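**Q** Here are the chains, one letter per residue:
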Amino acid sequence: MLSESKTLILASAFAALHLSAIAAGAQTLPDTSSSNAGRADTAVAAEESAVTSADVQGVQTDLENYKFQVQRDRELKTAQSTRALLVTGVVQGRGGWTEARAATGYHKHTAGEVATALVGFTGNLYRDYEEARNLTYALRFVAAPNGGAAPVSLLDATVGYSLLRSLAPDDQRLDIAFGQQQLPFGLEAQTTDEFKPVITNAQFVGALGLGARQIGLIARGDLFPRVDYGYNYRAPIVQYALGMVNGNGQNTTDDNDAKDLIGRLVLTVPSDYHSWVRQFAVGATYYKGWTNLSALKPGATPTAAATPVVVGLGDRLRTGVDVYYNHHPFGLNYEWVLGEDEANAPGATVSKRNSVIRKTRGQVLTLFYNFGEQFLRGYRAQGRYDDWWPKSLQPFVRVDRWDPDIRAENNELDVYTAGVNFFFAETSKLQFNYNTRVDNAKGTRLGDAQAQIQFGF
Amino acid sequence: MNTWKLKFATLAVAAAAAFGMARAENPKVIRFGYPGTGTGGRPYVGGSFVAYARAAGLLEQEFKNDGIKVDWTFFKLAGPAINEAFANKLLDVTLLGDQAAIAGRAGGLNTKIVLATGVRGVTYVVVPPDSPIQSIQDLKGKRVALFRGTAIQLAANRILEANGLSEKDIRVVNMDGLAAQAALASKDIDALFTIGSGALQNQDQGIGRIIYSGKGDDKVIGYASGLLVDGDFEKANPQIVQRIVNVLVKAAQWSSDDRNRDALLQSWAKSGTSYSAFKRDLAGQDVRAILSPVIDDYYRETWKKAVADVKRFKFIRKDVDVDQWIDSRYVDNALKAQGLENNWTRFGADGKAVRVSAVQEP
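Protein chains in written order, with this note's numbering: chain A, 1 to 457; chain B, 1 to 362.
By construction, these hints were calculated from the structure, which means they are not laboratory data.
Any given hint might turn out to be false.
Claimed, not checked - Within a straight-line C-alpha distance of at most 25 Å, the following computed DSS-like cross-link-like pairs (lysine-lysine) qualify:
(1) A:Lys67 with B:Lys76
(2) A:Lys391 with B:Lys76
(3) B:Lys89 with B:Lys215
(4) B:Lys69 with A:Lys391
(5) B:Lys352 with A:Lys196
On a predicted model such as this, the values are computed, not experimentally measured, just so you know.
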């Protein structure tokens with residue numbers, strides 16, 4: 001319930017109060033209302049009352065010094081904010097080799113880059129201590145300097161609210177978030193970098209625009225949570241998400257009046273922690289969007305250039321099905337996505353829509369195995385003087401198939417990836433991937449290797 | 001092959017097998033768990049003879065010459081986190097309270113209880129000093145912190161039931177011990193259930209007033225704890241388990257000796273809870289009984305009642321056979337080998353002494 005900083009301040013105050021209580025003599029200790037405990041306590045306390053005034057003055061001086069130091073450090077050396085604030089970040093440094101030759105320019109085969117640098121700010125605008133119906137905010141910026149430029153752009157900017165009481169694990173959840181945010185589509189697009197075994201996303205994520213943020217209102221919740229308190233394990237049987245967004249991507253305004261809709265439903269097999277079907281879930285997502293259809297409007301005179309104009313709205317549909325089985329130490333994810341994009345064919349005019357629908361399909365299967373304790377929440381929360389230095393190893397394989405046009409034959413792009421992740425601290429990992437990329441249309445088979453160090457804070 | 005060559009080969013194979021077996025028998029590390037941490041997350045605790053053994057480094061000394069490391073893990077999320085670690089084969093031995101141990105066993109964990117580490121545990125209910133709450137009945141409708149999945153939850157349910165209430169009558173806030181103490185100080189909760197000396201510490205700090213102490217409350221049976229070993233570890237390393245139990249029985253004998261009480265409490269105070277709080281927690285209790293490692297009929301009966309209650313409160317669905325679960329061979333061996341069979345009073349299933357300790361209290 002309390003932030004770590006608040007807990008630390010309180011702990012300091014407890015220590016000070018505790019010293020004061022001892023210094024003031026045990027006679028001043030409050031009595032208990034429980035008579036049996038109280039009598040015993042008083043007898044013991046009387047034995048510990050030999051405190052002199054010099055002791056008291058010494059403790060008071062220590063307390064004053066401590067208060068002065070804390071106040072001065074807070075004023076001069078502590079970052080402050082108007083509301084509770086948690087600063088987080090992820091940085092990915094990457095190096096790679098490929099046997100493919102660049103189409104133009106210098107035929108390089110190796111490259112190093114900072115793939116992503118992300119910094120985020122999250123916290124509560126209002127903290128509800130009664131029922132945990134908190135008002136929250138999130139603000140994240142990302143720099144992904146591929147291609148030479150290093151544009152820093154806004155990634156997430158949301159304000160959220162918990163509509164239901166969410167104090168206990170067995171409470172059902174319903175949270176809404178408004179702003180620029182990740183779509184609740186499938187597994188691959190939503191999984192954060194901390195949990196992704198593979199360095200790069202599946203091909204369909206980028207091709208279908210599922211990795212891009214959207215601006216709108218999204219509700220996420222769950223029903224019938226099953227809690228195994230023997231392991232502090234919570235698994236809602238039903239998870240859902242419903243949303244309405246601009247549909248025009250991130251950091252831009254809407255380009256039409258049609259709002260895109262998304263719905264997701266996940267069913268998890270009810271089980272206790274120790275069951276072999278723990279964390280076995282099947283999900284489905286449907287995204288209904290609209291895109292502007294353009295056509296060329298002839299110029300006013302035969303010599304004037306034609307200008308593109310919007311002649312209507314075309315469908316932009318995404319349908320996904322996924323299977324998730326993450327039963328530590330092994331895991332399996334499978335995702336199937338169908339994309340349907342309507343666009344005007346060449347020759348469309350203001351008076352003739354002439355649109356066609358292009359169907360695309362992506363599939364990805366990932367298998368991994370964990371050696372070590374990196375993903376066990378309970379094990380990570382240890383009491384110790386030094387920092388924890390977990391060492392975990394995660395080998396994996398992935399098969400990623402992308403069909404850019406279902407109607408065309410033998411045009412799939414396949415990426416077979418094998419790799420290993422070495423977690424060498426709680427929030428850091430070193431990743432090695434080897435990819436074999438098969439272009440069935442071109443009949444090529446090329447290999448590339450990537451190494452990435454990712455650290456978070 | 002002539003005879004001497006055959007003998008030599010046989011010897012070599014036997015020696016290699018023996019060497020291999022010896023290597024297989026000795027683990028490089030014993031992974032020892034403990035539910036909870038000291039104040040501020042420090043890796044020291046108090047309240048048991050296992051805590052003393054940790055503070056004194058007794059297990060480390062025992063296995064030093066064998067090159068076996070003792071790796072202690074103190075779990076902030078207590079019993080449920082220990083069950084998670086057991087389920088994923090990350091622990092060999094642990095101290096664990098009754099409810100979490102029972103939930104783990106009912107869920108299919110292959111564990112054995114080989115040593116008693118506590119019985120008749122005392123639960124307290126603490127409220128802010130200026131709270132109008134005076135009794136358990138006054139908790140009705142209030143925000144009450146308790147750590148679900150741990151021995152505190154079972155104790156809380158027993159106390160509530162003895163006072164005509166249930167968890168449904170209060171607004172439960174699920175919190176670990178340190179978070180609950182901070183919430184009590186800021187009055188974000190109206191009360192908290194806690195075990196051991198933490199309640200006395202809250203009182204010293206001026207943030208809490210004890211409205212209920214389980215000392216001598218016959219309506220509510222105290223919680224129990226035990227030393228659990230992973231079944232596979234025990235099967236592969238019975239001699240290591242025996243040595244662990246030997247060391248801990250010796251620690252129990254030292255801890256329950258009244259002449260060592262001050263030194264014991266000082267070692268517990270490494271946890272950050274004060275010497276005074278521990279002393280007052282023990283005051284009025286049969287310290288030798290609560291620090292007894294003996295698995296007697298009362299200890300078994302306490303676990304049987306705990307299993308029945310955990311099932312009755314619907315925290316588990318499957319049953320647990322306590323007689324199959326508790327294995328007293330190791331502690332009986334240790335008591336016999338160290339001549340301590342009569343060091344602690346043995347109690348019958350009804351809680352009455354059946355064989356009084358031969359040790360004369362000073």
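**Q** Each hint should be assessed against the structure and marked as holding or not.
**A** So, going through the hints one by one against the coordinates:
no.	hint	in the structure
1	A:Lys67 with B:Lys76	29 Å, violated
2	A:Lys391 with B:Lys76	20 Å, holds
3	B:Lys89 with B:Lys215	37 Å, violated
4	B:Lys69 with A:Lys391	18 Å, holds
5	B:Lys352 with A:Lys196	59 Å, violated
Violated hints, in rising order: 1, 3 and 5; the structure is consistent with all others.
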